[in-house]
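J.: As given, the protein sequences belong to chains A and B, one line each in that order.
Using our numbering, the first residue of the first sequence is number 1, and each one after it goes up by one.
Using our numbering, the first residue of the second sequence is number 391, and each one after it goes up by one.
Just so you know, the hints here were simulated from the structure itself, not pulled from any lab data.
One or more hints might be untrue.
Unchecked claim - Derived lysine-lysine pairs resembling BS3-like cross-links, with alpha carbons at most 30 angstroms apart:
| # | chain 1 | residue 1 | chain 2 | residue 2 |
| --- | --- | --- | --- | --- |
| 1 | A | 316 | A | 305 |
| 2 | A | 305 | B | 433 |
| 3 | A | 120 | B | 470 |
A quick note: this is a predicted structure, and the numbers were derived from the prediction, not measured.
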Amino acid sequence: MMRQDRTLRGAAAIVGVADDVSPTGELERTGRALEVAMVQNALDDAGLTLSDVDGVCHADSSMGFAEYLGVHPRFTDSTMTGGSSYEVHLEHGAAAIAAGLCDVVVSVYASTPRSDRTQKRRVDRRYPAGPNPMAEWEWPFGLRMPMGPYALAAARHMHQFGTTAAQLAQIAVSTRAWATLNPRARHQAPLTINEVLASPLQVSPLHLLDCCLVTDGAGAFVMTSADRARSLRRPPVYVLGAATCHDHMMITQMPDLTTTPGRISGANAFRVAGVEPAEVDVLMGYDSFTITALLHLEDLGFCPKGEGGPFVEDGKLGPGGALPMNTNGGGLSFTHPGMYGMFLITEAVRQLRGEGGARQVPGAEIAVAHGSGMVLSCMSTAVLGTEATL
Amino acid sequence: MPGPDDAHLKMRMEPPAGPDSGPFWEATRAGVLLVQWCTACDKGIFYPRSFCPVCGATDTLQWRPASGRATVYAASVEHKPAATGSTFSGGEPYVIALVDLEEGIRMMTNVVGCAPAEVHPGQAVEVTWEPLSDGRQLPLFIPLGAPEPS
Numbered sequence: 001m002m003r004q005d006r007t008l009r010g011a012a013a014i015v016g017v018a019d020d021v022s023p024t025g026e027l028e029r030t031g032r033a034l035e036v037a038m039v040q041n042a043l044d045d046a047g048l049t050l051s052d053v054d055g056v057c058h059a060d061s062s063m064g065f066a067e068y069l070g071v072h073p074r075f076t077d078s079t080m081t082g083g084s085s086y087e088v089h090l091e092h093g094a095a096a097i098a099a100g101l102c103d104v105v106v107s108v109y110a111s112t113p114r115s116d117r118t119q120k121r122r123v124d125r126r127y128p129a130g131p132n133p134m135a136e137w138e139w140p141f142g143l144r145m146p147m148g149p150y151a152l153a154a155a156r157h158m159h160q161f162g163t164t165a166a167q168l169a170q171i172a173v174s175t176r177a178w179a180t181l182n183p184r185a186r187h188q189a190p191l192t193i194n195e196v197l198a199s200p201l202q203v204s205p206l207h208l209l210d211c212c213l214v215t216d217g218a219g220a221f222v223m224t225s226a227d228r229a230r231s232l233r234r235p236p237v238y239v240l241g242a243a244t245c246h247d248h249m250m251i252t253q254m255p256d257l258t259t260t261p262g263r264i265s266g267a268n269a270f271r272v273a274g275v276e277p278a279e280v281d282v283l284m285g286y287d288s289f290t291i292t293a294l295l296h297l298e299d300l301g302f303c304p305k306g307e308g309g310p311f312v313e314d315g316k317l318g319p320g321g322a323l324p325m326n327t328n329g330g331g332l333s334f335t336h337p338g339m340y341g342m343f344l345i346t347e348a349v350r351q352l353r354g355e356g357g358a359r360q361v362p363g364a365e366i367a368v369a370h371g372s373g374m375v376l377s378c379m380s381t382a383v384l385g386t387e388a389t390l
Numbered sequence: 391m392p393g394p395d396d397a398h399l400k401m402r403m404e405p406p407a408g409p410d411s412g413p414f415w416e417a418t419r420a421g422v423l424l425v426q427w428c429t430a431c432d433k434g435i436f437y438p439r440s441f442c443p444v445c446g447a448t449d450t451l452q453w454r455p456a457s458g459r460a461t462v463y464a465a466s467v468e469h470k471p472a473a474t475g476s477t478f479s480g481g482e483p484y485v486i487a488l489v490d491l492e493e494g495i496r497m498m499t500n501v502v503g504c505a506p507a508e509v510h511p512g513q514a515v516e517v518t519w520e521p522l523s524d525g526r527q528l529p530l531f532i533p534l535g536a537p538e539p540s
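Model the full structure from these sequences, guided by the hints.
T.: Here is the structure:
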């Protein structure tokens with residue numbers, strides 16, 4: 001059934017963002033201290049304080065985090081859909097504000113996998129409780145997580161549509177070109193297709209440089225109603241549309257390895273927003289791997305299914321190109337602490353506020369933050385716009 | 391290169407039996423590949439469940455022997471086995487594939503019995519069995535008509 005309700009459009013806005021990354025890939029703060037700093041920075045960005053917060057989102061436990069914050073929220077959301085969790089929080093937060101459940105929602109993320117390793121910190125990496133079909137039906141075959149499932153998707157796309165390793169590599173190259181303009185990016189040296197293809201094969205057909213980074217990183221965003229947003233410190237970035245869809249959790253259960261549920265979330269988010277893909281100025285499309293970003297281009301309707309390879313070949317995703325994608329340098333070159341979706345939002349907001357510095361896309365009015373969680377499992381699409389787009 | 395006596399190099403993560411897949415794993419002891427079947431939908435169900443996720447029925451489920459023949463849907467090669475913690479290949483690259491059984495269900499497996507680079511979508515394969523430590527066996531696949539791996 002098609003989603004007809006358009007009440008979400010323009011009801012809520014992102015009014016504050018914060019993030020913390022380092023070119024070293026490591027941060028000094030960790031855990032709750034890092035999360036609290038992100039919330040405080042995002043609230044300060046907005047001109048709000050903790051006492052204004054009555055909605056809390058956290059992909060582990062919103063209850064635990066709210067308790068630590070000392071906040072007693074009226075709206076709570078512990079949705080965990082992997083890397084797309086923060087787009088889902090954005091969608092749920094906007095809906096809650098539109099429905100009058102709460103006024104000010106924060107979502108926060110912090111993860112320090114790189115320094116956990118170098119500092120030999122003990123980290124509890126639990127999988128979801130209950131029966132785990134992946135352990136039964138996938139892991140015994142030596143499936144590397146999360147790389148293995150994406151390799152299978154890339155292999156199938158190549159077989160079905162003739163997509164080449166060089167076309168996938170072009171995505172890494174264009175994304176790196178953006179990172180050269182971002183002094184906070186982990187990797188800032190220009191990259192060539194040959195360098196990507198010469199990097200070691202991990203799970204074929206994916207090379208090392210087709211794969212995202214492993215870095216520390218943290219971020220937060222604050223949302224409130226459109227009315228309240230106009231009185232705050234920064235230009236509001238309005239939620240024009242948002243939608244989510246998942247069609248599997250483990251790759252064996254994905255109906256078609258060349259088509260993600262982003263086809264559903266994207267179409268629904270664009271419909272709510274009243275926006276066409278051609279109107280998008282900045283695309284923040286989750287790039288856990290080059291194939292991930294390529295599938296987004298097709299499933300969101302920027303090019304027909306199967307034509308993602310030829311579509312990216314001219315470098316249109318890079319600086320000065322027709323479709324600026326992942327302008328911060330993406331998960332491939334900026335940061336990737338594990339659940340990268342938070343940084344899609346912080347960068348989209350900065351672009352729409354004109355705060356992009358050397359990487360600013362001139363006149364950006366509409367941005368899309370498209371999160372991908374687990375193994376192409378849960379897609380969540382947010383269409384964001386400036387005041388002029390309302 | 392590992393020799394035939396390096397049994398420890400064959401180690402795999404052994405699959406825990408899920409709440410609804412007991413008959414599947416028991417049958418593997420005799421080298422029988424079972425597919426859970428909904429007689430109302432006349433369709434296979436994978437992975438095994440307590441109900442049919444298509445029609446919702448709980449009283450139409452049965453187990454049927456599969457032909458053991460399948461077609462490769464997608465295949466990739468793990469080039470850094472050490473990164474997975476798996477040592478069953480003795481450190482050599484190995485194939486991870488999704489295969490479509492003739493009965494219409496899709497499973498993950500390793501395709502063995504040929505060079506990794508030879509495995510490709512559309513390839514006809516058939517089941518072969520690798521013993522697990524508790525007498526159950528893991529279904530692997532080999533190119534159709536290829537000799538059983540030693």
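J.: Against each hint, give a clear statement of whether it holds in the structure.
T.: Consistency of the hints with the structure:
no.	hint	verdict
1	A:316 with A:305	holds (18 angstroms)
2	A:305 with B:433	holds (29 angstroms)
3	A:120 with B:470	holds (23 angstroms)
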